[in-house]
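Peer 1: Sequence:
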Amino acid sequence: MNAVSERRDDLDRDISDLRAKYSDQRQAWLNFAEEHGKDIDAFTQWTLQ
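Count the sequence shown with my numbering and you get residues 170 to 218, in order.
Hints listed in this document are in silico derivations from the structure and should not be mistaken for laboratory results. Hints may contain errors.
Unchecked claim - Restraint-style ranges between C-beta atoms, simulated for each label pair: (1) 176 with 214: 40 to 46 Å; (2) 218 with 180: 45 to 51 Å; (3) 174 with 205: 31 to 37 Å; (4) 206 with 171: 51 to 57 Å; (5) 215 with 178: 34 to 40 Å.
In this text, a Cβ means the ideal position worked out from N, Cα and C, and glycines have one as well.
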């Protein structure tokens, strides 16, 4: 493999990792919202943990 292909593979892997991390965080936010509704104070405390 040449350097460009290797770099592309590295970037694809990084993008996949970021998408997975974002998806996990988004799900955590959705779960919190479902449990606590729109209580902004509770949300603020939760995000600061």
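Peer 1: Does 34 to 40 Å hold as the CB distance between residue 215 and residue 178, or does it fail?
Peer 2: 37 Å, holds
Peer 1: Could you check the hint for me, namely that residue 206 and residue 171 are 51 to 57 Å apart, CB to CB?
Peer 2: Hint holds: Cβ distance 54 Å, inside 51 to 57 Å.
Peer 1: Can the suggested window of 31 to 37 Å be confirmed for the beta-carbon pair residue 174 and residue 205?
Peer 2: Since the Cβ atoms of residue 174 and residue 205 sit about 47 Å apart, the hinted range of 31 to 37 Å is violated.
Peer 1: Okay, residue 218 versus residue 180 on CB: inside 45 to 51 Å?
Peer 2: 32 Å, violated
Peer 1: Taking 40 to 46 Å as the stated bounds, is the beta-carbon spacing between residue 176 and residue 214 within them?
Peer 2: 42 Å, holds
When the structure is compared with the earlier hints, violations turn up for hints 2 and 3 and for no others.
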